[in-house]
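> All chains should be modelled from the sequences, with the hints used to inform the complete structure.
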Amino acid sequence: MNREIAVVAFAQTDHRRSTEESSEVEMVMPVLHEVLAQTGLRAADIGFTCSGSSDYLAGRAFSFTLALDGVGAWPPISESHVEMDGAWALYEAWTKLLTGDADTALVYSYGKCSPGSVRDVLTRQLDPYYVAPLWPDSIALAALQAQALIDAGHTDEPALAAVGARSRADAEANPHAQVKGGSIPQGDYVVRPLRTGDCPPVGDGAAAVILAAGERARELCERPAWIRGIDHRIEAHGLGVRDLTDSPSARLAADKAGAFERPVDTAELHAPFTAQEVILRRALGLGDDVRVNPSGGALAANPVMAAGLIRIGEAAARIHRGASDRALAHATSGPCLQQNLVAVLEGDPR
Amino acid sequence: MSKEPVAVVGVGQTKHVAARRDVSIAGLVREAARRALEDAEATWADIDAVVIGKAPDFFEGVMMPELYLADALGAVGKPMLRVHTAGSVGGSTALVAANLVAARVHGTVLTLAFEKQSESNAMWGLSLPIPFQQPLLAGAGGFFAPHVRAYMRRSGAPDTIGSLVAYKDRRNALKNPYAHLHEHDITLEKVQAAPMLWDPIRYSETCPSSDGACAMILTDRAGAARAPRPPAWMLGGAMRSEPTLFAGKDFVSPQAGKDCAADVYRQAGIADPRRDIDAVEMYVPFSWYEPMWLENLGFAAEGEGWKLTESGVTELDGDLPVNMSGGVLSTNPIGASGMIRFAEAALQVRRQAGEHQLDRARKVLGHAYGGGSQFFSMWLVGAEPPES
Numbered sequence: 001m002n003r004e005i006a007v008v009a010f011a012q013t014d015h016r017r018s019t020e021e022s023s024e025v026e027m028v029m030p031v032l033h034e035v036l037a038q039t040g041l042r043a044a045d046i047g048f049t050c051s052g053s054s055d056y057l058a059g060r061a062f063s064f065t066l067a068l069d070g071v072g073a074w075p076p077i078s079e080s081h082v083e084m085d086g087a088w089a090l091y092e093a094w095t096k097l098l099t100g101d102a103d104t105a106l107v108y109s110y111g112k113c114s115p116g117s118v119r120d121v122l123t124r125q126l127d128p129y130y131v132a133p134l135w136p137d138s139i140a141l142a143a144l145q146a147q148a149l150i151d152a153g154h155t156d157e158p159a160l161a162a163v164g165a166r167s168r169a170d171a172e173a174n175p176h177a178q179v180k181g182g183s184i185p186q187g188d189y190v191v192r193p194l195r196t197g198d199c200p201p202v203g204d205g206a207a208a209v210i211l212a213a214g215e216r217a218r219e220l221c222e223r224p225a226w227i228r229g230i231d232h233r234i235e236a237h238g239l240g241v242r243d244l245t246d247s248p249s250a251r252l253a254a255d256k257a258g259a260f261e262r263p264v265d266t267a268e269l270h271a272p273f274t275a276q277e278v279i280l281r282r283a284l285g286l287g288d289d290v291r292v293n294p295s296g297g298a299l300a301a302n303p304v305m306a307a308g309l310i311r312i313g314e315a316a317a318r319i320h321r322g323a324s325d326r327a328l329a330h331a332t333s334g335p336c337l338q339q340n341l342v343a344v345l346e347g348d349p350r
Numbered sequence: 001m002s003k004e005p006v007a008v009v010g011v012g013q014t015k016h017v018a019a020r021r022d023v024s025i026a027g028l029v030r031e032a033a034r035r036a037l038e039d040a041e042a043t044w045a046d047i048d049a050v051v052i053g054k055a056p057d058f059f060e061g062v063m064m065p066e067l068y069l070a071d072a073l074g075a076v077g078k079p080m081l082r083v084h085t086a087g088s089v090g091g092s093t094a095l096v097a098a099n100l101v102a103a104r105v106h107g108t109v110l111t112l113a114f115e116k117q118s119e120s121n122a123m124w125g126l127s128l129p130i131p132f133q134q135p136l137l138a139g140a141g142g143f144f145a146p147h148v149r150a151y152m153r154r155s156g157a158p159d160t161i162g163s164l165v166a167y168k169d170r171r172n173a174l175k176n177p178y179a180h181l182h183e184h185d186i187t188l189e190k191v192q193a194a195p196m197l198w199d200p201i202r203y204s205e206t207c208p209s210s211d212g213a214c215a216m217i218l219t220d221r222a223g224a225a226r227a228p229r230p231p232a233w234m235l236g237g238a239m240r241s242e243p244t245l246f247a248g249k250d251f252v253s254p255q256a257g258k259d260c261a262a263d264v265y266r267q268a269g270i271a272d273p274r275r276d277i278d279a280v281e282m283y284v285p286f287s288w289y290e291p292m293w294l295e296n297l298g299f300a301a302e303g304e305g306w307k308l309t310e311s312g313v314t315e316l317d318g319d320l321p322v323n324m325s326g327g328v329l330s331t332n333p334i335g336a337s338g339m340i341r342f343a344e345a346a347l348q349v350r351r352q353a354g355e356h357q358l359d360r361a362r363k364v365l366g367h368a369y370g371g372g373s374q375f376f377s378m379w380l381v382g383a384e385p386p387e388s
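These protein sequence lines are chains C and E, in that order. Using full-length UniProt numbering, you'd call the opening residue of the first sequence number 1 and step up by one each time. Using full-length UniProt numbering, you'd call the opening residue of the second sequence number 1 and step up by one each time.
Hints are not guaranteed to be accurate.
The calculated label-pair distances, taken between Cβ atoms and stated as ranges, are [unchecked claim]:
id : chain 1 : residue 1 : chain 2 : residue 2 : range
1  : C       : Pro-349   : E       : Arg-104   : 21 to 29 Å
2  : E       : Leu-245   : C       : Gly-153   : 55 to 63 Å
3  : E       : Ala-18    : C       : Asp-348   : 54 to 62 Å
4  : E       : Gly-354   : C       : Tyr-130   : 15 to 23 Å
5  : E       : Glu-41    : C       : Ala-159   : 50 to 58 Å
6  : E       : Gly-248   : C       : Tyr-130   : 45 to 53 Å
7  : E       : Arg-266   : C       : Arg-3     : 16 to 24 Å
8  : E       : Ala-225   : C       : Asp-348   : 56 to 64 Å
9  : C       : Pro-175   : E       : Arg-221   : 44 to 52 Å
10 : C       : Asn-2     : E       : Ala-194   : 56 to 64 Å
11 : C       : Ala-159   : E       : Arg-266   : 53 to 61 Å
12 : E       : Gly-354   : C       : Asp-151   : 40 to 48 Å
13 : C       : Glu-172   : E       : Arg-266   : 48 to 56 Å
Just a sample of chain E residues kept apart from chain C, beta carbon distances all over 12 Å, derived [as the list claims (entries may be wrong)]:
id : residue
14 : Gly-141
15 : Ile-186
16 : Gly-371
Don't read these hints as lab results, they were simulated from the structure. The C-beta atom is built at its ideal place from N, Cα and C for all residues, glycine as well.
Pasting the structure below:
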């Protein structure tokens, strides 16, 4: 089924350390209105809606049901939800459009990290019998991965610091970024070898994307970001059985998405920790000529459950405004890059 | 280019019970998946992708458990998707998996849904202690009982209808070896004498809390041609959602349910569901939802659904059997309950339902709903492939 599908609109919140004055619905509504306004569509024009979020951030069951109020699901809509980053909601919407059942899709995701300690909350993702009872937090696990990478000779602490500094410097041009400024010091160790500047900020945020198929995409967007390929793969859960210095699942997903057929000019990588960018660059074969994370990436803003969708949105937005012709967007989930999604986006030739 | 037809070639379930203390969560899901593979005479290598669903993560206390379950479900190196659409999730998960085949993204997909409710207390997992929410909703029954009362008032149904549904479903469950409740000494008098929990819902008219998993192997035409047993063909499938609470919402017969059914019937060419559909596996967690959904799904006119129940039409030997497996009233691993409905519909058209197999089951509807009667997912499966 060779249906061409494109990202035609993208919006995100200004990501902040805390949004305690607003609910998830109040956080999501502005970005939904913004993507609809970009395309001139009304909520009732959307063929399929799909969202991604986690009950564990909100601290209550069925948290996503209330977000439906923000969509305005009346009359009733064709709708689904993944308990995953919004990048995977986009994947579900992409398959829905491929079947021909819908021509447009609204994808959104959101995460409020501020109500709890997200570093501890994420330990609840681990094997519930053997690992989770030990509460190894997400920064400690990322530090293990970074140390393994250093021990393997693939990077060192100054190189990691440079990744952090470059990300924060690039974020100065991103009005939505939470942490920005190239002169911000790398900071003290949080968990060796990771310093503050190697770790993502904790923050709240939301994002939305509109997908459209074929001619509909050209009607809604001057330069649609065509999804040439999208694929995702998962690895074993046990850290002890994985080579933490590599990301075979990201490489396989990129291969299936056609990323290696021709070079990309831009890559938006969902690498919440500096060492993960080094791993992903190697796994995806990205050379120095590829512009990596011009948005500042997850080191500048990391609203959990939305940060992956934002990578796809940022890559698409660059194609929309003519700053990229072929971009790779990546999203990750799970401890130490366990699960990875890669999308390849292209603009029409200029 | 039209959609690829989708076939169910394997179904597997665990024996649903109150507490599976002998297995981990991984062990539970793997048991169902292996049974589905055995039914399809397939191996892990035949599976291109895994789509898993369950209800809120708080029920087991594991955040995004699919990450931990990747190994147990043979998903390493493959795509793995996790769906969560409240109580309808078992059905939605199957539909997301079916779309991967229909869109020709993958040839063969394992889809699975589970709940291990013994890991926690579902009633409190469902009670939402947040601001701006009525502090009255202790468990699902407290939410649904007023809507049952509204139905009784609106339709003029006799008080006894609910007990007839429970009596029927629990007797059907005796013919289903996987059902949780096997009440061999059940009588209508016992059902009617049970204590009142949430008026008008008696204890005997509520679903149990179960540990269980259900899996299906979905495949394309080529996969169906290789299948050792008859496939069930998907003739239509749809999801619909509406907000939880809003002025004008009809909790008795929600518009989203009507729209969802209409979409499925349109895809499957069903003009008159009462005439064209042989049987229904519907999501009935509280007995009165049988007559309510019979109306919502178009099997009876508004206010008339209870007459089908009362006259025995929905019995196993009736003209429109409902919940041949014993239904949610006999088995409720919440996240899996929707998929069990979908899978039981497939078993019927494949003639693999064992002792609760119907003589006539050419087209059977699987139905699930969730949230505050706001999320709906349904599919219609048939013994013959779709015409296209």
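> A separate judgement is required for each hint: does it hold in the structure or not?
Each hint tested on the structure:
Judged by the Cβ atoms, the range 21 to 29 Å given for C:Pro-349 and E:Arg-104 holds: they are separated by roughly 27 Å. Between E:Leu-245 and C:Gly-153 the C-beta distance comes to about 59 Å, which sits within the given range of 55 to 63 Å. About 59 Å separates the C-beta atoms of E:Ala-18 and C:Asp-348, a value consistent with the hinted range of 54 to 62 Å. One distance hint, 15 to 23 Å for the beta-carbon pair E:Gly-354 and C:Tyr-130, is violated here, with the actual separation near 38 Å.
Between E:Glu-41 and C:Ala-159 the beta carbons are some 52 Å apart, a value that agrees with the proposed interval 50 to 58 Å. Between E:Gly-248 and C:Tyr-130 the Cβ separation comes to about 51 Å, which falls inside the hinted range of 45 to 53 Å. At roughly 21 Å, the beta carbons of E:Arg-266 and C:Arg-3 sit within the given window of 16 to 24 Å. Between E:Ala-225 and C:Asp-348 the C-beta distance comes to about 40 Å, which lies outside the given range of 56 to 64 Å.
For the pair C:Pro-175 and E:Arg-221, the supplied restraint of 44 to 52 Å holds, since their beta-carbon distance comes to about 51 Å. For the hinted restraint 56 to 64 Å between C:Asn-2 and E:Ala-194, the CB-CB distance of approximately 58 Å keeps it satisfied. Roughly 59 Å separates the CB atoms of C:Ala-159 and E:Arg-266, a value that falls within the hinted 53 to 61 Å. For the pair E:Gly-354 and C:Asp-151, the beta carbons lie near 57 Å from each other, so the given range of 40 to 48 Å is not met.
Checking the proposed 48 to 56 Å range against C:Glu-172 and E:Arg-266 shows it holds: the Cβ atoms sit about 53 Å from each other. In this structure E:Gly-141 is separated from chain C by more than 12 Å, as the shortest Cβ-Cβ distance comes to about 16 Å. The Cβ of E:Ile-186 lies farther than 12 Å from every Cβ of chain C, with a closest approach of about 32 Å, so its non-interface assignment holds. Distance to chain C contradicts E:Gly-371 as a non-interface residue, since its nearest Cβ pair spans about 5 Å, not more than 12 Å.
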